Amino acid sequence: MDIQNILPELNEKFSSPSLTFGFWKNSQLPTAYVANRFCTGAVSLLGAHIMSYIPAGKEDLLWLSQKSNLEAGKAIRGGIPLCWPWFGSPPTPAHGVARIQFWKFKDAVSLPDGSDTLTFELSVTEPHPLTVSMSVNFGAKLTVSLTTINTGKTAFQLADAIHTYFHVGEISEIRIHGLGGAVAENRVDNTEFTAREAFGFEAETDYIYHSEAAVTIEDRKLKRKILVEKENSRTTIVWNPWIAKSQRMPDFGDEEYHTMVCVEAANCSVDKIDLAPGASHTLTQKISLAD
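Those letters in the sequence shown? Residues 1053 to 1343, by the numbering used here.
FYI, nobody ran anything at the bench for these hints, they're computed from the structure. One or more of the hints may lead you astray.
[Said to hold, decoys possible] Computed Cβ-Cβ distance ranges for the label pairs, DEER-style: (1) N1238 - D1054: 39 to 49 Å; (2) I1055 - L1341: 33 to 43 Å; (3) T1206 - K1275: 50 to 60 Å; (4) R1248 - G1074: 43 to 53 Å.
As the structure is a prediction and not an experimental result, all values here were calculated from the model. The beta carbon of each residue, even a glycine, is placed where N, CA and C say it ideally should be.
Build the full structure now, drawing on both the sequences and the hints.
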């Protein structure tokens, strides 16, 4: 990608009263900026990575580390990374190749209701011929859809995740609702358990829930609730690194675990998607402030 020339090209072709292109803060990451009657938001072309979603008159629902890498070839810590076409590691890079590649900006549509939809696209040949598009609608809800097409001649087992980092007031004062009764994997100690209807945080948390249910993040400090809905997702991941792991991660501040939690719409572990040649799959996550 020609970083120096891409912004004038994008602005000439796609800019509108609600859409402009620029660099993300103190970086060289080309970024689409949306501002409409519902919200403001931003998406970096690196990873088709959603950096911000701020409903009108409210605080950002997303969290971004102050220590995040903001350069080509390195994953961004926070916002909404797209884990694709595998989740976790091995193989490397962790969570797949989508996060660390520049995507093509494909289209922008301003809808009659005043919302805006942006579409990004990426094609790969390894580990398998695949095309993926990410469509995001900035409206009263943030709706993110990840569509994978198997362009190869053989079947492919897909793992994907919309790995959303949410901004919270204080991790010890939030509760997660909606996963009660789901079978879950604890990836910290490699055990299984049955989820409670509501739970909080008091240690490192890395849980995979085999559930298709919506989740509510109750934030007592910020006095808000965030509704996390999803479609075509068999797995929900809840993550907070807590103290020791925060200190081990170079792109994560030692105390930043206090103000974030990940609630991810995914298909991973035993819930991967089998894609026949020519078949497609769309994973969707919708984020909004609950009444």
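Here is what the structure says about each hint:
Distance hint check for N1238 and D1054: the Cβ-Cβ separation is about 46 Å, which falls inside the suggested range of 39 to 49 Å. Taking the beta carbon of each, I1055 and L1341 are about 35 Å apart, inside 33 to 43 Å as hinted. For the pair T1206 and K1275, the beta carbons lie near 52 Å from each other, so the given range of 50 to 60 Å is met. The hinted range of 43 to 53 Å is satisfied by R1248 and G1074, whose Cβ atoms lie roughly 44 Å apart.
Of the hints listed earlier, there is not a single one the structure fails to meet.
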